[in-house]
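Please model the complete structure; the sequences and the hints are all you need to start from.
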Amino acid sequence: MKIFYCFTLLFIFQAQAQKSDFAHIDFKKADSLALVYKNERLTNIPQLTEKLTANLDTDVERFRALYKWVCINIANDYGLYARNMGKRHQFKNNPEKLTKWNQKFKHIAIQQLIKKHRTICTGYSYLLQQLAQQAQIPCEIVNGYARTSTIDVDKLTAPNHSWNAVYLNEKWYLCDPTWAAGIPNPATNYFMFKYNDGFFLAEPELMAINHYPEDPRWLLLENTTTNFNTFLKTPQLYGSAYSNLALYCSPEKMRYDIKKNEHFSYSLQLLDSVTVDKVTLAIDNGSSTFEVAPESFSVHRNTLHIDYIFKHRGFYDVHLYINDALISTHTVKVVN
Amino acid sequence: MKTTSITTSAIKTLGVFILFMCMGCLTNTLQAQTTERTVTGKVSAADGPLENVGISLKGSTEGTVTDKNGAFTFPKKLSTGDVLVISYLGFKTQEIKLKDDTSFIEVTLEEEYVTFTGAPNSEKPYKSKRSKE
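Here the protein sequences come in this chain order: A and B.
Counting in the numbering used here, the first sequence runs from 3 upward without gaps.
Counting in the numbering used here, the second sequence runs from 310 upward without gaps.
The set of hints was computed from the structure by calculation and includes no laboratory data.
If you're wondering where the values come from, they're calculated on a predicted model, not measured in any experiment.
Result set (EDC-like, lysine to aspartate or glutamate): computed pairs, CA atoms no more than 20 Å apart in a straight line:
hint, chain 1, residue 1, chain 2, residue 2
1, A, K108, B, E419
2, A, K196, A, D33
3, A, K106, B, E421
4, B, K433, A, D154
5, B, K438, A, D259
6, A, K117, B, E420
7, B, K438, A, D156
8, A, K108, B, E360
9, A, K106, B, D356
10, A, K108, B, E421
11, A, K280, B, E432
12, A, K118, B, D376
13, A, K196, B, E432
14, A, K53, B, E404
15, A, K117, B, E421
As structure tokens, then:
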């Protein structure tokens, strides 16, 4: 098994791997099992794995039950995150103290996970890996860089996120249990469970826009030109992009300089078709935000094309909404 | 003649007795291999006993956890060949296959090296930093 596993690690370049490979599988039974065993304790991982997977027929269903259990039971602990980031920043030039802190923090984080079902990203990925391994499903923790709307990417010098790769039916797939579990409540900033299915066996090309692995093999993209520098220039993508899009084609950069009356064009591949009234742009000029409809709109075989023309000079944050969900942000400088 | 007969009879009786003794021993040995027994044990890490370690019977939902002294008594009687899985988050999982005479197991778990990081996602729209003009 181990030899086979190492062998597969060497050959991770493969045909595109995504959830649609399992379109014929109904995950209802796996999801129900995750619900039935909600609130089970984390003191006996083999026992929990057995309960969640024993009655399922395929590896993808077994993995789904484990993944869903993690996503609906484990809360993201922002206090723990802030404490860790503060210390890591404090010790960033002192490797000895940093190693000691990492070791101490591991104990704190594991206890918090077992006793309170609360953790930060690596805790989600580690727990999922432990459960999957117990079910004999090869699963890796992928450490790397993530960009969110509240992170200053120019200061992104060390890995700040963990997600997973899982080996199913002789292919590696990506998933992000942390971001699938929920988000901070916009009003209180406390964690709010809000399952997002888009991060389960997510499209690698979408993942590469806001996840860059320390080991680029885990991009799972063949012949890609993506590297850390191109990653820092990608647009800001949000969780809803994963639940609404198959691919984000263009604009492929975050920042644009354009001329007045020049077209600013989007091209996206949708999971489900939309009507024109469901697509809006919210344009922030620094002092106010105004909502506009695109100048032109077309959907052909689920590929959406929209255009907008800036008629005034200025610097704008341009937010794209589909079905009232925030998909992406670009910044656009318009000159004469 | 009588003496010979008694001697023969005594030898026969003794033979039967020895045969039964041998059979008894054999049966006991067989029983030792197949008899279900209560298994107890203790789990520690490098710095002492570990509480709440999961002990489960491989391939079943039977299991228990260790107490504050790292001790456990498995709730179901176990047989030779059964595999106990000893697991605790943050440590490498171990599997112990029960031998003929196993009724107590002592396990030291090895720590796993994991560095924790995490970036919470956000649905807050991105806001450019603008210099005040």
